[in-house]
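Residue strings, one per chain:
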Amino acid sequence: MTKGTTSLPAPDAPRITVQPTLTRRRLLRVGAAAAGPVLAGGLWLTGVSAPLAGAPSPEQDGRVVAYLLDLQRLEAAFYAEAVERDSLDGDLAEFARAAAAHEGVHVRHLGAAGMGAGDDRGAFEFGETTTSPTRFAVTAAALEDIAVYALNGQLANLTPPARARAAQVVSVDARHAAWVRAIEGRVAAPQATDAAEDQAAIGRRLSAAGLRLTP
Amino acid sequence: MTEPLDLAAIDPSGAVAEAHERAETRRDLLLGTLGGLVVAGGWAAAPLLGAPARQYDAGILNYALTLEYVQAAFYTEAERLGALRGREAMVARTLGGVERAHVAAFRSALGSAAVKRPSFDFRGTTEDGETFLRTAVAFEDLGAAAYKAQLLRIRQPEIVSVAASVHSVEARHAAWMRYLVGAVPATAALDEPSDRQRTLQLVASTRFITAAPRTDASSTPRFTG
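From first to last, the protein sequence lines are chains R and A. First residue of the first sequence: 1, per the working numbering; consecutive thereafter. First residue of the second sequence: 1001, per the working numbering; consecutive thereafter.
Derived from the structure by calculation, the hints contain no laboratory data. Accuracy of the hints is not assured; some may be wrong.
Beta-carbon label-pair distances, calculated as ranges [what the hints assert, rightly or not]:
hint : chain 1 : residue 1 : chain 2 : residue 2 : range
1    : R       : G111      : A       : R1085     : 28 to 36 Å
2    : R       : A93       : A       : M1090     : 25 to 33 Å
3    : R       : T131      : A       : G1182     : 34 to 42 Å
4    : R       : T159      : A       : A1211     : 28 to 36 Å
Examples of chain R residues toward chain A, derived with CB under 8 Å [said to hold, decoys possible]:
hint : residue
5    : H102
6    : V105
7    : H109
8    : G111
9    : A156
10   : A164
11   : A178
12   : S207
13   : A208
All figures in this text were calculated on a predicted structure; none of them were measured in a lab. Even for Gly, the Cβ is constructed at its ideal location relative to N, Cα and C.
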């Protein structure tokens, strides 16, 4: 998978530029002063609307999956920390343990062979979102929704083998989103459809939720 | 990859067989006609793939429509019979609205090519809270798995996005129903697809579909029992 800045030259397809993905040197301050679920600002990828990316190809798969993988790594680290900090009880604790295990599998399934959730520990600052039950639930729902919309937005850009893997992941993230909402006593799935959003829209969602790259 | 499918063997009602007899294609298959189905982004500007792709995808959409008919009728009957209480009644109202919206959108998109609504007998599963929830779990789990399999076969990118936007909602439903019935909402890290043959066999095994739809189209669902 390509890390660092790359661009795709293609006569008929718009350019897709990949900004540097998450590394251990970048701290993502999550859950700082804001009241909400907090992930903001860090646009990892600028891109074009799905499905106007280039025609599916293995090379494009690599770049698209790298972007989707970053979101799974974020989720995996979030749940791993929640489990490690051991401040949740009951249904939320059970959910966090299951989600942590699942997201670790998602990270491996989307191609970072040999990478477990532990590799990203310390790369993020989640603050109270991994210890406060209310903030954990809100953040989990927000992260899972973002992952679902991002995966949905890219499925048409992937070749069938990569699409099959992404499809196996997106429905489980959707289950997670409904699960945590159900625990909180909410109508867990009121919508008729889920969004399928491009990279720019996902970046805005992350910004709105409070993710910020610190230098 | 084509899927050989002996519909006569697994669909005695012929409800789904009718979908495969449709030779028509519909122009502008989905442009602006999806109603409640909203897909963010520029799918409307995707390059056209031509009539064979649209016809192929229409077959898949009719298959999806059949599954949505079953779900919509199930929840609608539950609400109309009024035997459920509390959260089960709320579920019937909420999910019924969603599945009816799916039916409406696919029917609108397919136009005259849409398979008609079959007749159903849900054999009391809409009248007992626990049975209702367990049946809903089965429907939603199977629906998500069915969409997952078709996501790999759909030829038009914008239809992939539409199917994706429904696929993930079915998974939310499945998890929610599982939670309500006391089951683990997500038992595995990765969900598996269910291909069309397996899916239709499972649907046929319920015997919920009782008769092929009448050729004179009726817009109102028919319930027995």
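If you take the shortest Cβ to Cβ gap from R:A164 to chain A, is it below 8 Å? Nearest chain A Cβ about 6 Å off; hint holds.
Cβ distance range 34 to 42 Å for R:T131 and A:G1182, holds or violated: With a Cβ separation near 27 Å, R:T131 and A:G1182 fall outside 34 to 42 Å, so the hint is violated.
Interface hint for R:A178, Cβ within 8 Å of any Cβ on chain A: Constraint on R:A178 satisfied, holds at 4 Å.
Using Cβ atoms only, decide whether R:H109 comes closer than 8 Å to chain A, and label the hint accordingly. holds, 6 Å
Under the criterion of a CB-CB separation shorter than 8 Å, is R:G111 in contact with chain A as hinted? Cβ of R:G111 sits 14 Å from chain A, so the hint is violated.
Should the hint that R:G111 and A:R1085 are 28 to 36 Å apart at their CB atoms be regarded as holding? violated, 48 Å
Can you let me know if the beta-carbon spacing of R:A93 and A:M1090 is within 25 to 33 Å? Because 27 Å falls inside the window, the suggested range holds.
Under 8 Å is the threshold here; is the Cβ of R:S207 close enough to any Cβ of chain A for the hint to stand? This interface hint is violated because 16 Å lies over the 8 Å limit.
Does the Cβ-Cβ separation between R:T159 and A:A1211 fall within 28 to 36 Å? Cβ of R:T159 to Cβ of A:A1211: about 42 Å, so the range 28 to 36 Å is violated.
When the least beta-carbon distance from R:A156 to chain A is tested against 8 Å, hint result: Hint holds; R:A156 Cβ to chain A Cβ min 4 Å, cut 8 Å.
Let's test the interface hint: is any C-beta of chain A closer than 8 Å to that of R:V105? Holds: closest Cβ of chain A sits about 3 Å from R:V105, inside 8 Å.
The hint names R:A208 as touching chain A; please verify it with the least Cβ-Cβ distance against 8 Å. violated, 15 Å
Hint compliance for this structure: hints 1, 3, 4, 8, 12 and 13 are not met, and every other hint is.
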